[in-house]
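> Assemble the whole structure, with the sequences as input and the hints as a guide.
From first to last, the protein sequence lines are chains A and B. Quick note on the numbering used here: the first sequence kicks off at 1 and runs consecutively. Quick note on the numbering used here: the second sequence kicks off at 127 and runs consecutively.
Note that these hints are calculated values from the structure, not bench results. Treat the hints with care, as some may be off.
What the hints assert, rightly or not - In silico BS3-like pairs for lysine-lysine, Cα to Cα no more than 27 Å straight-line: (1) B:Lys307 <-> B:Lys211; (2) A:Lys117 <-> B:Lys211; (3) B:Lys211 <-> A:Lys110; (4) A:Lys117 <-> B:Lys307; (5) A:Lys110 <-> B:Lys307.
To be verified - Covered, in the sense of this in silico footprint (three residues per stretch, anywhere, with C-beta under 8 Å from a C-beta of chain A), are these stretches of chain B: (6) 156-163; (7) 254-260; (8) 266-272; (9) 287-297; (10) 303-314.
As the list claims (entries may be wrong) - Interface residues of chain B toward chain A, partial, derived using beta-carbon atoms under 7 Å: (11) Ala140; (12) Ser167; (13) Arg170; (14) Leu172; (15) Thr174; (16) Phe203; (17) Leu208; (18) Gly209; (19) Ile212.
Positions of the beta carbon are idealized from the N, C-alpha and C atoms, including for glycine.
One-letter residues, chain by chain:
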Amino acid sequence: MPADDTFPQRESGPVVRPYAVTGGRTEPADGDVLRLLTVLVATGRPLPTDDPARLAPEHHRLLALCRRQMTLADLAADTALPVGVVRVLMADLTELGAITVVAQRSADQKTGNDVLKEILNGLRAL
Amino acid sequence: MASARSDIHGGAAAVPAFTAHKILVAGGFGAGKTTLVGAISEVRPLQTEEALTTAGIGLDDLSGVGRKTTTTVALDFGRITLGAKIVLYLFGMPGQERFSFMWDELAYGALGAVILADVRRLGDCFPSVNYFETRRLPFVVAVNCFDDAPSYDPQEIRQALDLDPGNPLVLCDARDVASVKGVLITLVETIASRRSAKPGPARGRTAPPQSASRLGH
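So, in structure tokens, the structure goes:
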């Protein structure tokens, strides 16, 4: 058996590079950055049938998970896809109107005292 | 199924079903971050695919990898549901300086941080302490009491770390859920007390010292 017939194993890294599913894109199509705790949900709007965006199976998996509200981090952990990849794919789906942002925190947004109190009570009750 | 879907899609604008809050768990390699997150939540790995920067040169072995320009960093990620509408997320934050390129993204919108310290390698948590002090993000230093580690007076550790009085230092056992709960409660109490101590937003302020010491614990 010639050596070049053997399947290159670990040395070559993953067979499919992580960003292959995004078509090599590492930046989301639209400008809004989805943060780790941005909450997203499916709108129920059907995907276009002519599939101009060439949706990958991963798009469909993510869309299915978003039947209930999900954070970007939860989506990445559930699909075992890197966060950066999920960010790009979710931005595609948002652009198609299939996904909408439910809650997005701004950098300097302060959590209210009432919410802090709820968190404290919740922790104490664990 | 059908009814569950219509609940979500019924309204025009989606109403948040829960609010998501973030606490970081920082500290050096082997300080017990994974253990702590795992003690109180179901921990899952979170893959991040990061561009390799020069910070990793000499540390990340790239020989034989050819043109690899990204690296996978797996973070610990835990989720705690508190009541019906609040979910607390814990993110393990690798404390080594070479991971600093991802700290800002992790710290974005965070309530505060737990910095885990191992007294045998106290210096490992300096980068995290510096980072959160600079970012003015509330934090608690939790000294993970390993069985075979020497015990020190907490006051001595505070001095070694040159901690501001406003940032508590507690002893903990990262394996023990009650102990970890106590650490998180101390952190949230610290956040709340800071909030009431300075009513206005802290934006635009550059001089850190006086305001923190005013809180005197």
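> Has the given pair, Lys307 (chain B) with Lys211 (chain B), been kept, meaning a C-alpha gap of at most 27 Å?
Holds - the C-alpha atoms of Lys211 (chain B) and Lys307 (chain B) are around 19 Å apart, at most 27 Å.
> Does the interface hint hold: is Phe203 (chain B) within less than 7 Å of chain A, judged Cβ to Cβ?
Holds. Min distance 6 Å.
> Report holds or violated for chain A covering the stretch 266-272 of chain B, Cβ cut-off 8 Å, minimum 3 residues.
Result for this restraint: violated, n = 0.
> Under the criterion of a CB-CB separation shorter than 7 Å, is Arg170 (chain B) in contact with chain A as hinted?
It holds, given that the least Cβ distance between Arg170 (chain B) and chain A is near 4 Å, below 7 Å.
> Check the hint pairing Lys110 (chain A) with Lys307 (chain B) against an upper bound of 27 Å on the C-alpha distance.
23 Å, holds
> Does Ala140 (chain B) pass the interface check with chain A, least Cβ-Cβ distance below 7 Å?
Holds. Min distance 5 Å.
> With a cut-off of 7 Å, does the beta carbon of Ser167 (chain B) approach a beta carbon of chain A closely enough for the hint to hold?
Ser167 (chain B) check fails; min Cβ-Cβ to chain A is 10 Å, beyond 7 Å.
> If you look at each residue in the stretch 303-314 of chain B, do at least three have a Cβ nearer than 8 Å to any Cβ of chain A?
holds (count 5)
> Can you confirm whether the C-alpha distance between Lys117 (chain A) and Lys307 (chain B) stays at or below 27 Å?
15 Å, holds
> So, Thr174 (chain B) near chain A? Judge it on the closest CB pair being under 7 Å.
Where the cut-off is 7 Å and the nearest Cβ of chain A is about 5 Å from Thr174 (chain B), the hint holds.
> With chain A as the partner, please determine if Ile212 (chain B) meets the hint condition of a C-beta pair closer than 7 Å.
With a closest approach of 6 Å, the Ile212 (chain B) hint holds.
> For a C-alpha distance cap of 27 Å, please report whether Lys117 (chain A) and Lys211 (chain B) respect it.
Holds. Lys117 (chain A) to Lys211 (chain B) sits at ~13 Å (cutoff 27 Å).
Violation of the numbered hints given earlier is confined to hints 6, 7, 8, 9, 12; the remaining hints are satisfied by the structure.
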